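Just so we're aligned: the sequence shown equals residues 1 to 156 in the working numbering.
Keep in mind that the hints were calculated from the coordinates and are not lab data. None of these values were measured; they are calculated from a predicted model. It is possible that part of the hints are untrue.
Stated by the list, open to error - Cross-link-like lysine-lysine pairs, in silico, DSS-like; alpha carbons within 27 Å at most:
no.: 1; residue 1: Lys12; residue 2: Lys43
no.: 2; residue 1: Lys114; residue 2: Lys43
no.: 3; residue 1: Lys114; residue 2: Lys65
no.: 4; residue 1: Lys86; residue 2: Lys114
no.: 5; residue 1: Lys86; residue 2: Lys65
no.: 6; residue 1: Lys43; residue 2: Lys65
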Amino acid sequence: MRLSVLSIGRWKAGPYRELFDLYAGRLDNGPLGPLALTELEEKRQLPPVELKAREAELLTAAIGKGAKVVALDEGGRALDSAGFAKMLGDWRDSGCREVAFLIGGAAGLAPSLKSQADRIVSLGPMTWPHLLVRGMLAEQLYRAASILAGHPYHRG
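When you get a sec, could you build the whole thing from the sequences and use the hints?
Here it is as structure tokens:
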């Protein structure tokens, strides 16, 4: 299975990137497959509603054909690590070839994206910077892979 993070915004070298790279590297040979990051950006200055719609177009175009889509949104369902691992393991075991995780820009995800998602998942009720969410997601994906492999990394 392939894991894709499709995220609005670009980053430079620094601690956020290092955190993501640390956990993404650990996933390369794991039971869930490798993790790829695609950064998307609209450079034009658009009114907020238009910008959100344009970001939705960019994200939609980047989703792989047949991929399961997980929209990350603070209003989504909060899963514990075991539940997150079960969701991914069930998809993998049913033949899913790709899971795409969507991270919106500063204004969040357009309602059209959330309505098309297979799951809407929250990393908690607090609002997180979208660059930090990438690293948090990568860690949870590594934790899910560890749970599925019976590795002692997850001691929950």
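Results of checking the hints against the structure:
1. Taken as a hint, the lysine 12 and lysine 43 pair is honoured in the structure, with Cα atoms around 16 Å apart against an allowance of 27 Å.
2. Using a Cα cut-off of 27 Å, the hinted pair lysine 114 and lysine 43 holds, with the two alpha carbons roughly 23 Å apart.
3. Restraint check for lysine 114 and lysine 65: the C-alpha separation of about 17 Å stays at or below 27 Å, so the hint holds.
4. Between the alpha carbons of lysine 86 and lysine 114 the distance comes to roughly 21 Å, so the proposed pair stays at or under 27 Å and holds.
5. A hinted pair counts as satisfied when its Cα atoms are at most 27 Å apart, and lysine 86 with lysine 65 qualifies at roughly 23 Å.
6. Using a Cα cut-off of 27 Å, the hinted pair lysine 43 and lysine 65 holds, with the two alpha carbons roughly 26 Å apart.
No hint from the list above goes unmet by this structure.
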